[in-house]
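Novice: Make the full structure from the sequences, and use the hints.
For the record, the sequence lines run as chains A and B.
First residue of the first sequence: 18, per the numbering used here; consecutive thereafter.
First residue of the second sequence: 1241, per the numbering used here; consecutive thereafter.
The hints are simulated quantities; they were obtained by calculation from the structure and are not laboratory data.
Since this is a predicted model, take the numbers as computed values, not measurements.
Some clues are possibly wrong.
Each computed EDC-like pair below joins lysine to aspartate or glutamate, with the alpha-carbon atoms no more than 16 Å apart [said to hold, decoys possible]:
1) A:Lys65 <-> B:Glu1366
2) A:Lys65 <-> B:Asp1369
3) A:Lys98 <-> B:Asp1369
Derived CB-CB ranges, DEER-like [what the hints assert, rightly or not]:
4) A:Arg128 <-> B:Arg1250: 43 to 49 Å
5) B:Leu1284 <-> A:Lys34: 40 to 46 Å
6) B:Leu1284 <-> A:Ile192: 40 to 46 Å
7) B:Phe1252 <-> A:Lys244: 55 to 61 Å
8) A:Glu158 <-> B:Leu1311: 50 to 56 Å
9) B:Arg1275 <-> A:Arg223: 43 to 49 Å
Which chain A residues face chain B? A few, computed with CB under 7 Å, are given here [to be verified]:
10) Leu68
11) Asp94
12) Phe100
13) Gly106
14) Phe121
15) Gly126
16) Met129
17) Asn132
18) Gly209
Positions of the beta carbon are idealized from the N, C-alpha and C atoms, including for glycine.
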Amino acid sequence: MTPKIELTGVHKAFGPKVVLDGIDLSVARGESVVVIGGSGTGKSVMLKCILGLLRPETGSIKVDGEEIAGMGAKDRDRIMKKFGMLFQGGALFDSLKVWENVAFGLIQGQRMERNKARDIAIEKLAQVGLAASTGDLFPAELSGGMQKRVSLARAIATNPEIIFFDEPTTGLDPIMADVINDLIVKCCKEVGATALSITHDMASARKISDRIAMLYKGRLIWVGPAKDIDHSGNEYVDQFIHGRAVGPITMELRA
Amino acid sequence: MISFLATVGRVFLAFLAHVGRMSAFTAMAVSHTVRPPFYPRLILRSVIEIGYFSLPVVGLTAVFTGMVLALQSYSGFSRFAAEGAVATVVVLSVTRELAPVLAGLMVAGRIGASMAAEIGTMRVTEQIDALTTLSTNPFKYLVAPRILAGTLMLPFLVLVADIIGVFGGYIVGVYKLGFNSATYIARTWEFLEPLDVISGLTKAAVFGFLITLMGCYNGYYSKGGAQGVGAATTNAVVSAAIMILVFNYIITAMFFGK
Chain A
18 MTPKIELTGV
28 HKAFGPKVVL
38 DGIDLSVARG
48 ESVVVIGGSG
58 TGKSVMLKCI
68 LGLLRPETGS
78 IKVDGEEIAG
88 MGAKDRDRIM
98 KKFGMLFQGG
108 ALFDSLKVWE
118 NVAFGLIQGQ
128 RMERNKARDI
138 AIEKLAQVGL
148 AASTGDLFPA
158 ELSGGMQKRV
168 SLARAIATNP
178 EIIFFDEPTT
188 GLDPIMADVI
198 NDLIVKCCKE
208 VGATALSITH
218 DMASARKISD
228 RIAMLYKGRL
238 IWVGPAKDID
248 HSGNEYVDQF
258 IHGRAVGPIT
268 MELRA
Chain B
1241 MISFLATVGR
1251 VFLAFLAHVG
1261 RMSAFTAMAV
1271 SHTVRPPFYP
1281 RLILRSVIEI
1291 GYFSLPVVGL
1301 TAVFTGMVLA
1311 LQSYSGFSRF
1321 AAEGAVATVV
1331 VLSVTRELAP
1341 VLAGLMVAGR
1351 IGASMAAEIG
1361 TMRVTEQIDA
1371 LTTLSTNPFK
1381 YLVAPRILAG
1391 TLMLPFLVLV
1401 ADIIGVFGGY
1411 IVGVYKLGFN
1421 SATYIARTWE
1431 FLEPLDVISG
1441 LTKAAVFGFL
1451 ITLMGCYNGY
1461 YSKGGAQGVG
1471 AATTNAVVSA
1481 AIMILVFNYI
1491 ITAMFFGK
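Specialist: This is the structure:
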């Protein structure tokens, strides 16, 4: 069966700094894969390469078997319609009301009538546990947790085939983080989407993933089922999941 | 010596890269301005923001400029008994030069800065990336409506500034300097030619394009959080102001250089 997302030998560098050094990763249809790794290891860059926001120097990125690295604008638009994305900071448009944020992909991307799009937005807000009245507020009037929910509602509004989650629980308290994790699992199941997430929150990774991959120095050093993460036999993974300061992973500190 | 040459080379290459990036941005912006889909709602919002909300500042600038111009030219021209030329000097200076340049500079401060800050904030908070993931081209959604509105609304603002500026000169001329009202108005019309107004409006359209282009460009490529957005805002205003002055000379030379 053709993987939903397939990365082969993806390289990306910014000047002399190599961020991705040959990434190979395959995500099956309906599967949820979480990429873990410390800050600055290239997780976000990998996601941006898949989304087409950055272009890798070499390597192949396929979605449904179709090569998307270097794809033309028209084909890229078609592929983007398959995607939903939850950004780390929410990335809600602060000049638009909450419902307009959620319905944005429907109105601008699919040219849906505003009234119809509003109904769907209210329905999606309910799906993430927000009242219809929230729709008339502006993002700045919401708490961090509520903004994350709105961002999740926006990510699933167009019923995408693939949803990307960039640090979905960063900046949230543990209870709200767990609520968001539950919502991610529930929403992905309801929409039937394939999910690719990046995080360094292990509780989140364990909860939302079928498989976990660990990124270190631009390479995936371990990929396996989520249930095996505690017995990976990889000292880098062990250090990371237990959050130990001592181990093979050293923080690059400058005096 | 080698390190000096390397520094010069690095600066030159950075300059070329900057020029190339700006040229590519301009070409993309213009092409998206004339190609559908269009966003009438966003164009209207920018039209109101630029055209309507800039009226007070442009109007005030124009009225005081016209008033000062009347006073200055009267006191200067009285040295060689040419006070009668005050109305003509006011109307030609305002329509050809002062209204477009001063309105352009005021709008650059007001609109260029706010565009760079808004788009810059959208850049650093990943809102522009979010647009792309929502199948919306940021050039079409953010840049094209602003450039279109700026290019269309600056001529309107300058036309208003022309009228208000001349009116300011009239107020000082008639009520302070003692000119006869009918004579002042007749002198105003006597030497005014359509080309005087047209050249000013042409300048305005070009300035409107440049102001919005610089605002969008600097905002779009801003980085590094609040400090980056601040730098983008400053660069947007400074670069727009310099370009206004440079293009003012070029357009003046094109119209009246013979």
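Novice: State for each hint whether it applies.
Specialist: Quick rundown of the hints versus the structure:
Distance restraint check for Lys65 of chain A and Glu1366 of chain B: the Cα-Cα separation of roughly 11 Å lies within the 16 Å cut-off, and the hinted pair is therefore satisfied. Among the hinted pairs, Lys65 of chain A with Asp1369 of chain B is consistent with the structure: their alpha-carbon atoms are about 9 Å apart, no more than 16 Å. Distance check on the hinted pair: Lys98 of chain A and Asp1369 of chain B sit about 14 Å apart at the alpha-carbon level, within 16 Å; holds. Remark: the range hint 43 to 49 Å for Arg128 of chain A to Arg1250 of chain B is upheld by a beta-carbon distance near 47 Å.
Taking 40 to 46 Å as the suggested C-beta distance range, the pair Leu1284 of chain B and Lys34 of chain A conforms, at roughly 44 Å. Evaluation of the 40 to 46 Å hint for Leu1284 of chain B and Ile192 of chain A yields a pass: the beta carbon distance comes to about 44 Å. Range check, Phe1252 of chain B to Lys244 of chain A: about 58 Å between beta-carbon atoms, so the 55 to 61 Å window is met. For the hinted restraint 50 to 56 Å between Glu158 of chain A and Leu1311 of chain B, the CB-CB distance of approximately 51 Å keeps it satisfied.
For the pair Arg1275 of chain B and Arg223 of chain A, the supplied restraint of 43 to 49 Å holds, since their beta-carbon distance comes to about 48 Å. Because the beta carbon of Leu68 of chain A sits about 6 Å from the nearest beta carbon in chain B, less than 7 Å, this interface hint is met. Nearest Cβ of chain B to the Cβ of Asp94 of chain A: about 6 Å, under the 7 Å cut. The hint holds. Annotation: Phe100 of chain A was flagged as interfacial toward chain B, and the flag holds, the nearest CB pair being 6 Å apart, inside 7 Å.
Annotation: interface hint on Gly106 of chain A holds; nearest CB of chain B at approximately 6 Å, less than 7 Å. About 5 Å separates the beta-carbon of Phe121 of chain A from the nearest beta-carbon of chain B, less than 7 Å, and the hint is met. With a least beta-carbon distance of about 3 Å to chain B, the hint placing Gly126 of chain A at the interface is held under the 7 Å criterion. Contact between Met129 of chain A and chain B, as hinted, is not supported at the beta carbon level, the nearest pair being about 12 Å apart and thus beyond 7 Å.
Checking Asn132 of chain A against chain B: minimum C-beta separation of about 15 Å lies over 7 Å; hint violated. For Gly209 of chain A, the interface hint is violated, the least distance from its beta-carbon to any beta-carbon of chain B being 19 Å, above 7 Å.
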